[in-house]
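Each protein sequence line maps, in turn, to chains Y and H. This note's numbering applies: residue 1 is where the first sequence begins, and numbers increase by one. This note's numbering applies: residue 1001 is where the second sequence begins, and numbers increase by one.
Derived by calculation from the structure, the hints in this document are not laboratory data. Hints are not guaranteed to be accurate.
Selected chain Y positions facing chain H (in silico; Cβ < 8 Å) [unchecked claim]:
1. Leu52
2. Pro71
3. Pro72
4. Arg73
5. Ile77
6. Met79
7. Phe81
8. Tyr87
9. Pro88
10. Ser91
11. Phe98
12. Ser99
13. Ala103
14. Pro106
15. Gln107
16. Gly256
This one's a predicted model, so the numbers in the text were calculated from it and none came from an experiment. Where a beta carbon is used, it is the ideal one built from N, C-alpha and C, also for glycine.
Chain by chain, the residues run as shown.
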Amino acid sequence: MAQVLLQNVVKKYGSMQVVHGIDLEIEDNEFVVLVGPSGCGKSTTLRMIAGLEAISEGDISIGDRIVNDLPPRHRNISMVFQNYALYPHMSVRENLGFSLKIAKRPQEEIDKAVDEAAQILSLSEYMDRKPGALSGGQRQRVAMGRAIVRHPEVFLFDEPLSNLDAKLRTQMRTEIKKLHQKVKSTIVYVTHDQVEAMTLADRIVIMRDGYIEQVGTPLEVFESPANTFVATFIGSPPMNLLEGQILGSNIALDGGPVVEIPSTVKAKVSEGQKVILGFRADNLMPVGHSMPMEGEFAEFEMTVNLSEPLGTETLLFGSLAGKEVQAKMLNPRPVKNGERLQFTLDLTRCHLFDAQTQQSLR
Amino acid sequence: MNENLQHRIRAQLLKVLHFATLFVAMAIICVPGLWVVLNSFRPTVEIMAKPPVWIPGELNLDNYRAMFGAVGEGGVPVLQYFTNSLIISVSSTLIAILVGMAGGYAFARYRFKGKTAVFIGLMLTRAVPGVSLSLPLFIVMAKTGLIDTHLGLILVYVALNVPFTIWLIDGFFRQVPIDLAEAAEIDGCTRWQAFWKVEFPVARAGVASAGIFAFLTSWNEYALASQLTRSTFSKTMPVGLRDFTSEFTINWGGMCALAVLMIIPALILTFLVQKHLIAGLTFGGVKG
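Can you make the complete structure from the sequences, with help from the hints?
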């Protein structure tokens, strides 16, 4: 049980810098997810916390110790690898007990801890099998079991679910969440899957190109993304972004309709400023098939190019201001391609970004 | 129906042809070996007969008896040769495996300057025919006083085997995911422990097959050994075969008997580890 502190951590490979001085404070017992596209430095950051990569600059501390130069074995951490990294020549029991055996703990204690972990992850039936004889989900559980046996201060997960099929992934996601509630420990979890990030995290850290773009609870990053990158990365379908310009009290979308500036951001824009208007599919709905809207909204017509019925709702693809946008239709009815519909856009839930900096103006 | 019958007959014919071809191929490979074994039990008259006598008229152990007998009666110091061969092969194999493991691991896991150049250099040494080194080696050994010693031959065989063991073991360690060692380190191992407790056991088959190859090379080598050894105290078994040649005659039966004794340990060893050997060739051989 410990907090993890990253201060100005830099990673360079020769002259190439891949992590650019990140600061991050992870609380005790917190579940933090590092998320971002591949190559954003999230795995490198995790490996630096683990001690598998040396840090080039800055400080990393676990608990109240600075661990910059400590080897992994002195950091009191556990890690679950993407490909599980189970020892193929050992049985499940030996895999689980390996760390305690290395630590030269008495056999009784090892057996007890291994059985306990097996119980938690319902592995008891497979204890004498080799990893080769296990299914993907079972291997994943052994990997987690190996991590919890040691009772580490911090758990590190490196894309642990990416090798599983969709159904198993959802199942294991729940198990990880349960595991966190059971073992009560600090968890740093790396994934490129924003759904995993949203569902698991106490706080999400969104990274891109070696920088942290935003840190916040899942709802914070969903509802107030700091910039256009976060806006499109978090949430499915991604946020619609349309370029435009401030003219008087309106935003003139390039080649599209003119909408009023939402009052929440009115004070933060200036005449003639280039902006990007962002809104999610949930906030653009055909009239008659929308949520009751209060406050400010805009209405305009749009041609539907494609519809994807999902049952309770239908995703509509149309083109607005020269860009493809996605809208949602509640209580759906069949929509023909090319049909023109009247849409309402909920302005109070819109986001405005500066076109130059891509930062939120909220 | 007729069409089906045709295909069935064709399949049967192909099968027969397949076995026939295999039989011929195996015969070509095996007959010399079997001929050696057979001849070791036959009198010289029958061995030298023309046309060859395929079905032996008489089998006895005379050649073996003579070989183990007194020196004047066609005997050779078999046990001494066997011991020499064993000492030289086992120690050169052990050293070659240790060096091969260190080198193979380094090539598989670490990045360093000139890695490719060093690797290619090592492989190029295998392109040099061993015999062409016999004169330089002879001079070096003579100058250093290592000629006609176990140590001299051990050093030569280590040099001969190391590039190959490095290449083979490198291929094996490349197949061991690096995550395994990292997981072991996180589980509390030092780098050294991670190697011995996780990476080595996983790649053990490869090390074993490299060991067999190195052993067989040393065990069977003749050209260099014939130059670098001369007395009973250092001659290996292949060199010992020459004891059966004299000025005007060759004792074929005795030679075959010694050859059989030479083959037996190699055969036993190969059988013991053949599973690893095959796994080794297909598994380690993929990467170069």
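Hint check:
Taking 8 Å as the C-beta contact cut-off toward chain H, the hint placing Y:Leu52 at the interface holds, the least distance being around 5 Å. Taking 8 Å as the C-beta cut-off, the interface hint given for Y:Pro71 holds, the closest approach to chain H being about 7 Å. With 8 Å as the threshold, the beta carbon of Y:Pro72 comes within range of chain H, its nearest partner Cβ sitting at about 5 Å, so the hint holds. At a threshold of 8 Å, the smallest CB-CB gap from Y:Arg73 to chain H is about 5 Å, leaving the interface hint in force.
Given the 8 Å rule on beta carbons, the hint for Y:Ile77 holds: about 7 Å separates it from the nearest Cβ of chain H. A distance limit of 8 Å between C-beta atoms decides the matter here; for Y:Met79 the minimum to chain H is near 5 Å, and the interface restraint holds. At about 5 Å, the closest approach between the beta carbon of Y:Phe81 and any beta carbon in chain H falls short of 8 Å, and the interface hint on this residue holds. Because the beta carbon of Y:Tyr87 sits about 6 Å from the nearest beta carbon in chain H, less than 8 Å, this interface hint is met.
Of the supplied interface hints, the one on Y:Pro88 holds, with its beta-carbon coming within about 6 Å of a beta-carbon of chain H, less than 8 Å. With 8 Å as the threshold, the beta carbon of Y:Ser91 stays out of range of chain H, its nearest partner Cβ sitting at about 13 Å, so the hint is violated. Annotation: interface hint on Y:Phe98 holds; nearest CB of chain H at approximately 5 Å, less than 8 Å. Interface hint status for Y:Ser99: upheld, as the beta-carbon distance to the closest one in chain H is roughly 4 Å, under 8 Å.
Because the beta carbon of Y:Ala103 sits about 5 Å from the nearest beta carbon in chain H, less than 8 Å, this interface hint is met. This hint is violated: Y:Pro106 has a C-beta 16 Å from the nearest C-beta of chain H, more than the 8 Å allowed. A distance limit of 8 Å between C-beta atoms decides the matter here; for Y:Gln107 the minimum to chain H is near 16 Å, and the interface restraint is violated. Interface restraint check: Y:Gly256 against chain H, minimum CB-CB distance 50 Å, threshold 8 Å, status violated.
Figure legend: structure checked against the earlier numbered hints; hints not met, in rising order: 10, 14, 15, 16.
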